[in-house]
Amino acid sequence: MVKRKQLFNGITAIPDLSWPLVMKVVYRNLLVFKKTWKANIMFNFIEPMLYLWAMGFGLGVYVSQIEGLSYIDFLAPALIASSAMFSTTYEMTYGSFTRMGHQKVFQGMVATPVSMDDVVMGEILYGTFKGVLYGIVFLIVVALFGLVKSPWALLTPVPLALMVMSFSVMSLVWTSIAPNYDSFGYFFTLLISPMFLFAGVFFPVDNLPAGIRFLPWFTPLYHAVEVIRPLLHGKVAWSNLADLGWLAAFVVLTIRLPLTMVKNRLIQ
Amino acid sequence: MRRSVIAARNLVKRFADFEAVKGVNFTVCGGECFGLLGPNGAGKTSIAKMIYGFSPVTAGKLEVFGEDIMTGARNIKAKIGVVPQEDNLDPELTVWENLLVYAGYFRMPKDMAQRRAGDILAFMDLQDKSGAVVEQLSGGLKRRLTIGRALLNQPALLILDEPTTGLDPYARHLVWQRLKKLKESGTTMLLTTHYLEEAGQLCDRLIVLYHGEILERGAPRELIERHTGNDALELGVEPARHGVLMEGNEDLIKARQMLGDDLVLFTGHGRELAERISGRAAALGIPVRHQRLRPANLEDVFLKLTGETLKED
Ligand SMILES: Nc1ncnc2c1ncn2[C@@H]1O[C@H](COP(=O)(O)OP(=O)(O)OP(=O)(O)O)[C@@H](O)[C@H]1O
Ligand SMILES: [Mg+2]
Numbered sequence: 001m002v003k004r005k006q007l008f009n010g011i012t013a014i015p016d017l018s019w020p021l022v023m024k025v026v027y028r029n030l031l032v033f034k035k036t037w038k039a040n041i042m043f044n045f046i047e048p049m050l051y052l053w054a055m056g057f058g059l060g061v062y063v064s065q066i067e068g069l070s071y072i073d074f075l076a077p078a079l080i081a082s083s084a085m086f087s088t089t090y091e092m093t094y095g096s097f098t099r100m101g102h103q104k105v106f107q108g109m110v111a112t113p114v115s116m117d118d119v120v121m122g123e124i125l126y127g128t129f130k131g132v133l134y135g136i137v138f139l140i141v142v143a144l145f146g147l148v149k150s151p152w153a154l155l156t157p158v159p160l161a162l163m164v165m166s167f168s169v170m171s172l173v174w175t176s177i178a179p180n181y182d183s184f185g186y187f188f189t190l191l192i193s194p195m196f197l198f199a200g201v202f203f204p205v206d207n208l209p210a211g212i213r214f215l216p217w218f219t220p221l222y223h224a225v226e227v228i229r230p231l232l233h234g235k236v237a238w239s240n241l242a243d244l245g246w247l248a249a250f251v252v253l254t255i256r257l258p259l260t261m262v263k264n265r266l267i268q
Numbered sequence: 001m002r003r004s005v006i007a008a009r010n011l012v013k014r015f016a017d018f019e020a021v022k023g024v025n026f027t028v029c030g031g032e033c034f035g036l037l038g039p040n041g042a043g044k045t046s047i048a049k050m051i052y053g054f055s056p057v058t059a060g061k062l063e064v065f066g067e068d069i070m071t072g073a074r075n076i077k078a079k080i081g082v083v084p085q086e087d088n089l090d091p092e093l094t095v096w097e098n099l100l101v102y103a104g105y106f107r108m109p110k111d112m113a114q115r116r117a118g119d120i121l122a123f124m125d126l127q128d129k130s131g132a133v134v135e136q137l138s139g140g141l142k143r144r145l146t147i148g149r150a151l152l153n154q155p156a157l158l159i160l161d162e163p164t165t166g167l168d169p170y171a172r173h174l175v176w177q178r179l180k181k182l183k184e185s186g187t188t189m190l191l192t193t194h195y196l197e198e199a200g201q202l203c204d205r206l207i208v209l210y211h212g213e214i215l216e217r218g219a220p221r222e223l224i225e226r227h228t229g230n231d232a233l234e235l236g237v238e239p240a241r242h243g244v245l246m247e248g249n250e251d252l253i254k255a256r257q258m259l260g261d262d263l264v265l266f267t268g269h270g271r272e273l274a275e276r277i278s279g280r281a282a283a284l285g286i287p288v289r290h291q292r293l294r295p296a297n298l299e300d301v302f303l304k305l306t307g308e309t310l311k312e313d
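Those sequence lines, one after another, are chains A and B. Residue 253 in my numbering sits at position 253 of the first sequence; the count goes up by one each step and never skips. Residue 222 in my numbering sits at position 222 of the second sequence; the count goes up by one each step and never skips.
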């Protein structure tokens, strides 16, 4: 009980944010990213490529149609979302944990006019940027395969940004209570991988057993996929706004959590 | 009196149910170098962290530049430079990038940041490391960069938590010389260190902490006079014979201290005491393995103070 109180201490206070300094934190992360982005992007993008080949062109041959789409048309847009999800999630778990842990980068920043809230907000924005960037790179690949059918696809960054921001938030919450690197294994096995497999990337959620069919609705990935798929095929509907609203609401309702929890972890 | 830069009143720091700082009072005036001494775990870093706004004050009041640190941290932090006990440089960036990025946190314009970074590399003798990635620097070079980084914003107050730990003698003297220069130009400093020579050279006043409480305070010279007198006489004599040897010389002995098997006598009249003791040793046939008269220093005071407390515990 004492422990929980410490975890959420100050959650009702208004965050102490200075946006110019938040951007300095983002800039710092971009500067480091610039040094490794080539190796990084390759690595992060080979995996969805493999899925596209294996599932789309391999398995897809045996699948006639899903929701009126060929299997590869069904799969490719969702892989844009999932590759963005993975890159953000890796960055905001292993990456952030390293920066706040043995590198002590956060501790260095807050000895200046930068506040801990600025630091964590900077992390969230950087995680968001990275996810969107990787999503866009994969979108371009998908387009090169001729799988983009509509200029509506240009709006893909909107659902992507909202979705990866919610993954930034979720990941940082986990990172703030993670005792060590190994514990991120649980995060990926229990949360991220099930989303990847069951939130509508590989097959429609209607195919899930009736008892758990409602579950994907609670995940950001599901709502992002629900928007990105019609965007790529130019089949947008008003109902897509509800998915965007869900994602926006998720971010607004949860963003205070990592600010508080990371601060309470580091500042004693 | 000069304006106070740091004012701590009944300052308390508690971690869960452990009290690391137990209600200390001190004031640091503008332009002075103020030392925090004390054995490991005494609470020095805990106090330093509260001053630079990292660690919240549990109880009491802490004002920096006349502003409460708990409410005015952002303004205060703009005017201070921090050398933490553990380096927290950006390991993946180069030396130059480290300085420029850090300048950004103070919202320094880019041309000014570049000028300051250049000055600092020269000041800390790091010019030829400008392009090196910090991860690959030696421990001492990192330390020098950490000190240099703390000077970027031309701070009015410098907080130095064991700044010279891990430095080679050349670098340590370089840092001392640089710190003296900064002091001359009016920078206020709070210094924690385990090198008593460093404290003696740099500090105008200091406090000795022990288990979160202040044991003693004063100027280095003052403390030496108060506790030991000017001279220290080291004697390599069997512990069993210490008593007899000192007999009759109590009037000259201000304090004494055991260091291993050696006896150290503190006195205001070193030459006279040395003569008397050798005379007595010769008369009684007590073997003296070695004997050395030297000026007493802050280290003697420190050992005496913390040694006494250890005995009392
Ligand atoms: N985050 C923390 N949680 C619990 N206890 C802590 C924490 N930080 C410090 N302490 C305890 O507070 C006491 C004072 O620590 P502090 O780091 O201030 O000592 P110090 O005087 O700087 O010692 P050193 O000379 O070794 O650097 C120690 O007993 C330490 O174990
Ligand atoms: Mg310390």
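Calculated from the structure, these hints are not laboratory results. Note that the structure is a prediction, hence the values are computed from the model and not measured. Please note: incorrect hints may appear among the correct ones.
[What the hints assert, rightly or not] Calculated lysine-lysine pairs in the PhoX-like style (CA-CA distance at most 20 Å, straight line):
id, chain 1, residue 1, chain 2, residue 2
1, B, K181, B, K304
2, B, K254, B, K181
3, B, K129, B, K142
4, B, K183, B, K304
5, B, K254, A, K104
6, A, K35, B, K129
[Claimed, not checked] Footprint (simulated), chain B over chain A, 3 or more residues, beta carbon under 8 Å:
id, region
7, 17 to 30
8, 49 to 60
9, 257 to 265
Glycine residues also receive a C-beta, built at the ideal position from the N, C-alpha and C atoms.
* Violated hints, by number in ascending order, as checked against the structure -> Hints 1, 2, 4, 5, 8 and 9 contradicted; others consistent.
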